[in-house]
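Enquirer: Please put together the full structure from these sequences, using the hints given.
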Amino acid sequence: SFQDDTALSTTMAAYGVPPALGVAPEMMEEISTGTTIMACQYDGGVVLGADSRTSTGTYVANRASDKITMVTDNVWMCRSGSAADTQNVCAYVKNLTEEHNMQRRGDLDPGMADVKLVANLTMQLAYKNKDKLSAGMIIGGWDATLGAQVYGIPLGGSMQRVPFTVGGSGSAYIYGWCDNTWRENMTREEAEGWVARAISLAIARDASSGGVVRLVTIHSKGSSRQMLEPKHQSLCESELPVIPRKVGGVVG
Amino acid sequence: RGVAAPPPARTMIPTRVTHNPIIGPGVVPMGVDPAYDAQYAKHGAPTRHVASHGNGRPFVVEPATPNTNTQMPYVTGTTVLGMKYKGGVMIACDTLASYGSTKRYKSIDRVKVVNSTTIIGFTGELSDFDYTMTLLNELSTTDFCEDDGKELSPMEIHSYLTRVMYNRRNKFDPLWNSLVVAGVKNGRIFLGMVGMIGQHYEDSHIAAGFGNHVARPLFREKHSDDMSEEDARTLMESCLKACVMRDKSMMNKFQIAKVEEGKAPEISEPFSVATEWNLRSYHNPTEFAPGCW
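Protein sequence lines, in the order shown, are assigned to chains A and B.
In terms of this note's numbering, the first sequence opens at residue 220 and continues consecutively.
In terms of this note's numbering, the second sequence opens at residue 12 and continues consecutively.
Hints in this document: simulated from the structure, not taken from any laboratory.
Careful, some of the hints might be misleading.
Straight-line C-alpha distance at most 25 Å; calculated PhoX-like pairs for lysine-lysine [stated by the list, open to error]:
#1 A:Lys450 <-> B:Lys117
#2 B:Lys264 <-> A:Lys450
#3 B:Lys274 <-> B:Lys196
From the structure, some residues in chain A lie toward chain B, with a derived Cβ separation under 7 Å [claimed, not checked]:
#4 Ser274
#5 Thr277
#6 Val279
#7 Asp285
#8 Asn314
#9 Leu315
#10 Lys347
#11 Gly395
#12 Arg424
#13 Ala426
#14 Ser427
#15 Val431
#16 Met446
#17 Ile462
Source: prediction; values computed, not measured.
Positions of the beta carbon are idealized from the N, C-alpha and C atoms, including for glycine.
Expert: So, in structure tokens, the structure goes:
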């Protein structure tokens, strides 16, 4: 009720606790997770991207965290939401995928997995435990059966194959830009640039996202990771160019 | 009859702040100005209603919500740092105003000049600071009209703001700010802080907001009152760097304002500090612990 909300907010504010989840008052109904993650398909593979900020309240607990986790060599997962929940879901999915591969793949490479398999296992875990988990995940990978695939598994445990998707609190700021600039069958360089630019734009406006931009590109030959420091990210409105720091600079 | 009179225009259009001859503008204790008290008296008073059929006694309806004028901040500025050095005092802050978690306005001035001897910086709600600046401008204008060349000193401004903040707090209608006041007058270097519930103090180095946790330990270790301006600036920049790395609602774009005896206050152009990201352990932090963050 309105009365309870006001009393609670007043008490919390008096102790210096910011409004719930740090979002503006009229957005308090949404559950958002302090991050920006995304994945997109290009001609021959997928690119996964994420920021690197983990914050507890206003404090940045980890400014270089890694939110893109390897499930198998050819399938990676972007994680958002409760770290504990997503780590454990990921560990379960890895284990189940390995067992499945040992039994079923025969002479095929057991280190590779069908992307749809990984996505389906993740979905089953997310759906069956939907009342206990707070986990939004994006699965991206390449396999010989269906090629490059991206699956979005948001809160609630639904699964949807998509050409591209964004997630986390920062995603709200870039839906419009992504819808406007997305093209099918980009080249690898174009796709990596597109994902990096989108995450830079989200970092520019979302306080819960920041740090470096991590990219993982997966294609038929394997996968590779990149880290883009702030100086390699694109500059947004009203921001100043980033100065590289000379190592060895001392205080005072 | 049957048509309600429109509300009087003067309650909707913002008017000049009432000036009380006893203790000055913006601060009005109860019983002094009936019109000012009337604004606050109406809140929470039960209204008497008469049933439309005209029969029966008038009944009283309690207000739907309790009298809570205490607000929530909407557009906020984050930390402000201040420190004294040899011959002057400087204040530093970033130029960001956040709207909850959104970094909304990226070129605002969070440190302003009050008069020729004083500067002030804020953290917290932007609109409440703009109101405070209106009060201070009115004070300065009143001073100017006296035409005797005298201005309020930094200590007087600090004291005045303490009274304003405390009196608003007593009405459960605080100005949601922490203000850092700094200035130099007649050889006396002043640096002080006033919080939203009227708490106030003076020190050689001050921080409002997150800087209290991140920057003040660095100040305690490295600061001394007779630092040169260069050393003070270097220390300030490294504290700003520490703050921007660890405060999520801060951006890498700062202004430093300084006041020295006999010189007009200066506010610098926006600048950014260098930060280090190319550390070896940052490239693949989960190499030996897959799935962790």
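Enquirer: For each hint, tell me whether it holds in the structure or not.
Expert: Do the hints match the structure? See the list:
Taking the CA atoms of Lys450 (chain A) and Lys117 (chain B), the gap is about 19 Å. The hint holds against a cut of 25 Å. About 14 Å separates the Cα atoms of Lys264 (chain B) and Lys450 (chain A), which keeps this hinted pair within 25 Å; it holds. Simply put, Lys274 (chain B) and Lys196 (chain B) have alpha-carbon atoms about 10 Å apart, close enough for the 25 Å limit, and the pair holds. Of the supplied interface hints, the one on Ser274 (chain A) holds, with its beta-carbon coming within about 5 Å of a beta-carbon of chain B, less than 7 Å.
Because the smallest distance between the Cβ of Thr277 (chain A) and any Cβ of chain B comes to about 6 Å, under 7 Å, the interface hint for this residue holds. The beta carbon of Val279 (chain A) comes within 5 Å of a beta carbon in chain B, closer than 7 Å, and the hint placing it at the interface holds. The beta carbon of Asp285 (chain A) comes within 5 Å of a beta carbon in chain B, closer than 7 Å, and the hint placing it at the interface holds. Given the 7 Å rule on beta carbons, the hint for Asn314 (chain A) is violated: about 11 Å separates it from the nearest Cβ of chain B.
Below 7 Å, beta-carbon pairs count as interface contacts, and Leu315 (chain A) has none with chain B, the closest being about 14 Å; its hint is therefore violated. With 7 Å as the threshold, the beta carbon of Lys347 (chain A) stays out of range of chain B, its nearest partner Cβ sitting at about 20 Å, so the hint is violated. Below 7 Å, beta-carbon pairs count as interface contacts, and Gly395 (chain A) has none with chain B, the closest being about 15 Å; its hint is therefore violated. Evaluation of the Arg424 (chain A) hint against chain B yields a held restraint, the C-beta minimum of about 5 Å falling below 7 Å.
Below 7 Å, beta-carbon pairs count as interface contacts, and Ala426 (chain A) has one with chain B at about 4 Å; its hint therefore holds. The beta carbon of Ser427 (chain A) comes within 5 Å of a beta carbon in chain B, closer than 7 Å, and the hint placing it at the interface holds. A hinted interface residue such as Val431 (chain A) counts as satisfied when its beta carbon comes closer than 7 Å to some beta carbon of chain B; here the least separation is about 6 Å, so the hint holds. Hint on Met446 (chain A) holds. Least Cβ distance to chain B is approximately 5 Å, under the 7 Å limit.
Taken as an interface hint, Ile462 (chain A) checks out: its beta carbon lies about 4 Å from the nearest beta carbon of chain B, inside 7 Å.
When held up to the earlier numbered hints, the structure conflicts with 8, 9, 10, 11 and fits the remainder.
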